[in-house]
Structure formats: structure tokens, C-alpha cells
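Participant: Listed below are the residues making up each chain.
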Amino acid sequence: MKRIGVFVCHCGTNIAATVDVVKVVEAAKLEPGVVHAAEYPYLCSEAGQNMIIKAVDEFGLTGVVVSACSPRMHETTFRKAAAKAGLNPFMVEISNIREQCSWIHKDSKDGTEKSIILTRAAIAKVHLNEPLHPGESKVTKRALVIGGGIAGIQTALDIAEAGFPVDIVESTPSIGGKMAQLDKTFPTLDCSACILTPKMVDAAAHENITLHTYSEIEKVEGFVGDFTITIRKKARYVDMKNCTGCGLCYEKCPVKKAPSEFEQGLIKRTAIYTPFAQAVPNVPVIDKTQCIKLKTGKCGLCEKVCTPKAIVFDQQDELITEKYGAVIIATGYDQISLEKFGEYSYNSPDVITGLEFERLTNAAGPTGGDLIRLSDKKKPRSVTFIQCIGSRDTSKRGKPYCSKICCMYTAKHAMLIRDKYPQIEVNVFYIDVRTPGKNFDEFYRRSAEEYGVNYIKGQVGKIIDQGEFLTLQSVDMLGGKRMDLQTDLVVLATAIEPVKSVRIIASMLTASIDTNNFMTEAHPKLKPVESPTAGVFLSGVCQGPKDIPETVAQAGATAAKVIGLLVKDKLMTNPCTAESNEKFCNGCSACTKVCPYGAIAYDDGIVHVNKALCQGCGACAVTCPSGAMDLQGFSNRQLMAEVDAICR
Amino acid sequence: MSVGEFKPLVVAFCCNWCSYAGADLAGTSRLQYPAEVKIIKVPCSCRVNPLFVLRAFQKGADGVIICGCHPGDCHYSTGNYYTRRRITLLYSMLDYLGIEKGRTHLEWVSAAEGVKFATVMNKFVEQVYELGENRRLEDWRCKS
Amino acid sequence: MQELMKAKAQEMLSNGSVTRVLAWKKGDFETNPEPAFFTKHVDDMVYNQYCATNLSNFMVGVEKEEGKTLVFLKPCDTFSFNQLLKENRISRDKAYIIGVGCEGVKVIDEMQETGALLEKCNVCTKIKHMVYDELIGEDVTRRVTDDPLTRFKDIEAIEKMDAGERFAFWQGEFSKCIRCNACRNACPPCGCKKCVFDNDNYDTAQKANVTTFEEQMFHIIRAYHVAGRCTDCGECTRVCPQDIPLHLLNRKFIKDINALYGEFQAGADIETLGPLTDFNIDQDAEPSIVYDRG
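Chains as they are written, first to last, in my numbering: chain W, 1 to 648; chain E, 1001 to 1144; chain R, 2001 to 2294.
Bound conformation, chain W alone (with noise of 0.2 Å):
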């Protein structure tokens, strides 16, 4: 029989003002095998650990349950305590009585009674535990950055610095992301190029980083300290090697009707391109789907002009396998779609969303950077600029989330309007106006007070194309009437949503993901750069909407993160593993058909786990008719004496 210690955590009032602590301690004394309970204020503080610590020493204990918040939050800060007393730490058990107790019953009796048998299932359990020890995983010094925007870019730069290899997968042909698109940057209104380029020339000089544009995530195996990636370059046609970077093949390039993507289709590029004059790599690729001579074997002018001869028709799409040790998803974000937002009218070519005015505004952009209306080229009278497309909408065609950057891009917008036209009215309508950070909001009320932007609480219900301009049929909730205001070009700030392929990568990597599609962290506040799945990192938007500061800083901390794990040479594996009793198998193997990873082996009349690659999650427990497989840690005969427990 163990000799079990039970501790109930007050955790000051959060537990302790719904939960009778003491009757849960006097309850938990009367279990089998409890030699020991006692209740303390905070059991996660120092003088709380040391509390088991003493209590362990002095009771002899073999089997710890501490009665407390989720495991989520400090399992492993009681396992490690138990570590110190000489316990082995999975001989620990959690039971959790704040977030399924007492933050959720009101009724005293209802919290008190239900702590009192979450405590005995976990005493029944760990009655049941078994030493477990970790195992040991090499670490490859090597991580993968995936997407090559700004946060992609600093995490990788930061990495680099530490003197790790980093390789950068970026699915367009240059790195820069949307920073790259941006005219100015709030709130200081310095040129966005001009802070971005340098680190896209530093992270291509690096001698650390490999840049891998124009590619994608083909496949990954493997778990942390150990992925094997393989990554699809696809086939630019052109020799990245040869290429001078001339650009005499995009000018005499024929077709001219691919709509740019950079330029948000504002205007038309060319079958060979570069998406904008500062790439990098500066070496342009050919799009398939627009160039004559891939389509119909005629044409061909860029190679004749070519003297390097970098084009290759023939070129086909490499696939390159590489072992990381972290992977860092920086996939960033996109605006959402409008398709169902028709009251809007942004077919209307006076329509525009905010990234769209960004490269309108742009002196590198379509236009010069002279603001007209896209539809007859004149100066608009006036700009409305509309918040929260989408963002903090609960209908299903929007998103509930609130996209976080729109508020001060529009007061940047607004501003440079006024700064530049002061001719020109500017209204912007919203919901509340969101300005926490530094700087932000005398930024927004300088854009109000100093440069007259007019800012009007309420919604636009329709916009009504009228040709000349455009009818905005809206409320003026401050001023309580319903009007029709007149206006020549209308900016929706557009929520944004992550990129869809994102769910592709973190299916790959086994990574957890929200309903909204950002990537879920391991913990929202104590680790707000990791995801759960193990050696997979988040910087930027990818884990939630931010803007440059805050996506700058969140890859230093990212980076940082993987230094961390980088810098060891062996990782303690997960001991929660699957194990098979070879004299219960069959060998019918089953469950090597219903293992994620591989870790199944059969081999002459029985199977064995290959517990690096097991990341115990117990598929194969189940489907195994005799029960030989057992999942250590979460074994049959414990979730079974939990039910036992709980339906005593």
C-alpha cells in the first residue's frame, strides 16, 4: 500500500471561499493509504512546496495528491517539488478544484462535496502510479521558420544571432509579408520600406539564415529536437544562381493582364514578375498560369533577352528535406474575404479595403502615391473610412474578434489624408475607437483634434454606388438621427484572419488551432509563444491579431524560446508512453494501423513501442482486444479506479 499526502490549496480566497478546505483535508484522511492531509493558503508558493517537501520526508509519503488549480497551471511545479523531496515526479496527481470547483459552484455544500471526490479519484490513481522516468532526444541545431514576413524575418534574424541555422520557408517569391505593402507605420509615421528592407537585406546576408522563397511545407515528421521537414520549392523557371536581377525580362514580357498581388490588384503585372522593386530574393519568377510559352510553347522573349540564361522552362519543383530541432509558424494574416457583405459594395471601384489605401497611398505604389478614385482617376471631395468589417461580429459571415490594428491604421490613414489634401473631408465611422499602447491614443486624438478628422459613433447600414460618388446610408448614434451621407471613396478597415493554409501547417505539426483559426498557445498567459505540441513556436499575427511593435517584440521573445531549446544537446521525452505486455499480445497489430506516429512496430508475433516516437496519446490502448497495450501514466487500471472513485 502507498503512503499517500494529500494537500488542499486555498489558493488565498479562489478556492477556499466556496470549498471547505478543512473537509476536504478531514475526508481525504479517511481514504485507504492516506497517511497525511493538510490544507495551506497557496500551496504553489515557495513556503507551500516546502510544506510537501517537509511532509514527505517526515510521513514517509510515496504518492502526492494536491488539490488545487487546473494541472494545466502548476502541475509541473508540484512534480517538481516532489522531484526535490526525492519523489519521483510522476508519483503526483493534481486534482482540480478551482477551475471545475469553486470558480464554477456557487453553493458551498456542491463545491465542498464535489472537491472532496475529485480528491479521492485522484487518491484512487495515484495508488496506481508507477515511477515513470523520461527518456532522452537529441536536438538538432537547427530551426525553421515558416513564413517570411516581418515577424518570420526578426524571429529568424534573432535565432541567426545566437548562432543557430535558420531556415526561412516563405510561400511567395520574396520575402516581406504585409509590412512590406505598407506605406507608413503608426504611430510614428515612419516609412515602412524604410525600416523593413534593411532586415530583409540582413536576413538574406545572414550567414546563418537560408532563405527558401517561392516554397511551401511539404511534409513533416518527427517530434521535438527532431522534425524532418521536407519542403517543396516550386519551380520558378528561372536559375536563381544565373540571374542578375536586370528586370529586362519583366519589361519585355507580353502578357500584362495577371492581376499583382502585391499591389492588391490594384493594377496588372506581367507572366514573369517580381512582386516589388525591392525583393528578395530579387530574382523574379514566371507564373505559370499567365505565361504564354509554359502554356502553349510560343514565346519565349524572356529567355531570348536573358544574357545570364537564367530562364528554365523546364524547371521542376525540388523537394528538400532538412531536420530541424523548432519549428516557428509565422504565417501571418490576410484581410477576410467580402463576399458577404454585399451592402457594402466593394465592387464599387471607390470601395477600397485598408491595404488596398496602403498601396494608394504609396509613393511606390500604383498611383505615385496620389490619391484618386480608382473609378474616373479624379481627387475624391471627400474620404470615409468605415471600422470593424467583420471584426467584432457575431453573425456568422464576420468574425467575433476584434482584428486589433484597424483603429489606428484608419487614424494613420486619416491623417496622412489631412497631412497631405487638407482639402479633402475625412469621416470615419465606428463602433468605439481602441487605442491601448504607447503613443496610440494621442496619435488618434491628435488625427481628431489637430488634423479635423471627423470621427462619428455609429454603423453603415448601405452604400449606394451612385457613380458621382457614393451614398452612405448610416446612423449618427451620438447625435441620434439616421442620415445619408455623400462621399467619393469609401476604405473599409477589413477584419483580418489568419492565412488559410495555416490549418494545413498545423495539422502537419500536430498543432492546436482555434476555431478562428489562430494557433492556440500553450498557456495564454505563461506561455503565450509556444503552442502546446512541443518544439513548435508562434510569432505574429498566426496566434492573434497585433500590429509591427507588438509582432517585433513577440519574435525576440519567440526567438528567445528557441534558443532555449535550441541550445541543449538532449530533451527529457514525454515517459506518458504506450507499453506492450508481450505476454498479452497477440500480435494482431492493430494498433500499429492506428498510431499517428509510426511508434508501432511488428515484429515476429508481437509489437513494440518505440517510446521516442510515442507521444502517448492511447489509440492504441484502446484498439487492442487483449489489453496488452496500456498507456503508462494514464493506464487502464487507474482511469478505471478513477471511475470507480468518483462513482462511489
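Keep in mind that the hints were calculated from the coordinates and are not lab data. Hints are supplied without guarantee of correctness; some may be wrong.
For lysine-lysine, the following BS3-like pairs were computed, each having C-alpha atoms within a straight-line distance of at most 27 Å [said to hold, decoys possible]: (1) W:611 <-> W:80; (2) E:1116 <-> W:500; (3) W:141 <-> W:481; (4) W:583 <-> R:2194.
Assemble the complex: chain W is given as a structure, and chains E and R must be docked to it using the hints.
Facilitator: Relative to the frame of chain W, chains E and R by itself:
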């Protein structure tokens, strides 16, 4: 026990990565759901052996609910696809054997769905209340 | 046909191409032939409409023995053979399979024919041998029913009862069980080296009976363990001394699997993944289907 005093016992199996975290979120958001629900943590919904469900019913549970990540979001990529088949067949079998289907439930709850977790539990417990006490499995083999 | 089989068996034993023959031999009465291994002479071997035993299951016992075994399999028995093959319980190269034709197995009560065929024969659709080295008299086999769904009639009848009636029905049936393990022993996929009910790792093995987990749940767990693996050979029901219609559990799973995940016949081949070790990301029904179908 008279009907008036009936307090059902509901066992909930929650996967560590999504549903258990969803339950935590319900907790941190202070969303009430009945104390009748007792959660058992499993690494993945696919760890739930049908034996555990039968055991719970045999030992007097009035309802059993299993929660896992949404299909496609499994931390172990495919675990819940197996759960979906296994548990569907199990519940159908239990129904066939005369265990009211209102006593069994499988729900996908993500780590972000604290509200959903509480709603699902409230609804399920209410349903079990309506069905009343479940003595049936215990009585199964006793000759009448 | 019996004489052809005997001649072939004797020939293969004599020329050493097989070490033993697995067939049926005459029992105490004409109506109860029993499975037997022959190593020298096959004089006692019989084959008639009383030969019910699915011999595939006995191949597991000789898997580790030296030499090749000649085994006679009726068409439905070959499905079990395939299932065992798929689960690595037996090796194909250790068996010489002679598929024999089958006109259906007669029901015997008190050592007398009742005039009826076994229930499984009345709804038999397994008229082709799935695996064999040669065939004898295969053309006598006939398809009894043209409607493959007839075998689910009994299941549907139970499904139509209300929950209380269903419970009472099964309570009545399970109460008859004496835990003799005959069903377990006769069932090919239920041939674990060590059963979970004898396995301490589950806390299912308990000495005292009647109110224990094991007693109450034995048949349900057994049915679940063979779900997706059961070929519907019907041996469980046939060997039950208490006449519990155990096939109604297995066939319920088969019916659900067919309806929810597409037609599947265990043992039809050895490659297809079993329905419980497989999934279809987009097409698998959500569990709510159990509630929705009323």
C-alpha cells in the same frame, strides 16, 4: 432514494488538449455548470476505452459524456476520428441494449470554447435529470 | 464429396505433403461430428450437413507446430481464416486449404434433426470461398437468400422495441449466462492469448461473480472487441448451451458499421483496414446520428 432527492452522477471524460482546457476556460470565466459533472482527464478522447463507459454505468453513473477536440484539431492529429467511430458504435449498442440514449453523449469542445463547455454540460445534466435515476446496468444480470 | 475429401486427405498425408489433416470426425452419434486432427489414417473422417464447427479457429492451435496442415473449410469458414491471417494469428504457408461445398448445417436438438437449418445458413450470403488451394464440391453451395438484409430482420425487431423492452429482453438473455466461455472459445477473432477478463491490468478479472463488472459486461465487451472483426460465422450462438442469441450483438455492430461507414465484410480480404482502425475525415457520421435516428 425518492425522485425528489435524485441527484444524477455524470462522468465526463475530457481530452487534455482541447476539452479539459475548455473546462478550465469555463472555470476561469466563472461559467456555472452543475456540480453533478465530474471530469476525468485523458490525453486524448481516443484514450477512452468503451470499458470505462460501461464501468461508469455499472457503478451507478446516470450519464457519461466524452469530450474531445473538434475533428481535424486533434493534438495527435487523428485520435478523435477513431473516437468518433468507436463511441458512435458504442452508444448505438448501448441504446440497443436499452440504455436510454440521453444518458450518453459525445461532444467536440475546443480549448477556446469555455462557453460551449458550460452550455453542453448544463444541457446534458438537465437531460439526465429528466431521465431520472439509472439503475439499469447494475441490475442487468440479476434474475427477476 | 466426403469420399473425395478422404481420398485427398489420405493421399496428402501419405506422400508427406502435409503433416496433419484438420477435419471433422465421427462423434458418438451420427449427428454430432467433432473437429479432429488426423496424422495417419483418415478412416473416421466425415463430412455432412452436421459438420458445423468452423475449423479456422483450430489453425491457431497448430500455428507453432512443425509442418503443414490440410484444412477443410466451408465457404463461410474461409472468412474467419482470412481474418485470422490478417491478424497474424496464422500463416498462409502453413495451411493447405481445401474449400468444400456446403448445403447448410442442420439444427440438432436432443440429438435429433429438427428439419431446420442454422439461422446463419438461412441468411447465408457467403457462398464463395475467399481463400483456398483447391476446391471440392463447391458447386453444391447455394445462396439461400437473395436479400442480404434479411439477416438484419431480428436486429430491426429489437430496435423497434422501446428502451425498457430492450433492456428487459437483454436482461432475460444475459441472466441465462453461466460464464462457461464456450462463445469465447469458439469465436475466431476472440482468440486472445490472454483475455482481458483474465488480465489484471484491467481490473476486470474478479473471482466473485454475479454482481461484478465482468459478469454483467462480458457479452457486451466481447461483442465490442470483435466489432469490425466478426465475420458473422455464428459459432457463438451455436455453441451457447443456454441458447443466448449472441449473434444479435455482433450483427448489430455489423449493421451499424455497414450503415455508417459503408459495407464491410470482415475476412473478405486481408488488406482492407477494419472499420475501427480506419476513418473517413469528411464522411464519418457524427455521434449525434444515434440520437437523430429516433
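Participant: Compare the structure with each hint and give your call.
Facilitator: Each hint, compared with the structure:
1. W:611 <-> W:80: Satisfied, since the Cα-Cα distance of roughly 22 Å is no more than 27 Å.
2. E:1116 <-> W:500: This hinted pair holds, its Cα atoms lying about 24 Å apart.
3. W:141 <-> W:481: violated, 63 Å
4. W:583 <-> R:2194: holds, 8 Å
Hint 3 from the earlier list is the only one contradicted by this structure; the remaining hints agree with it.
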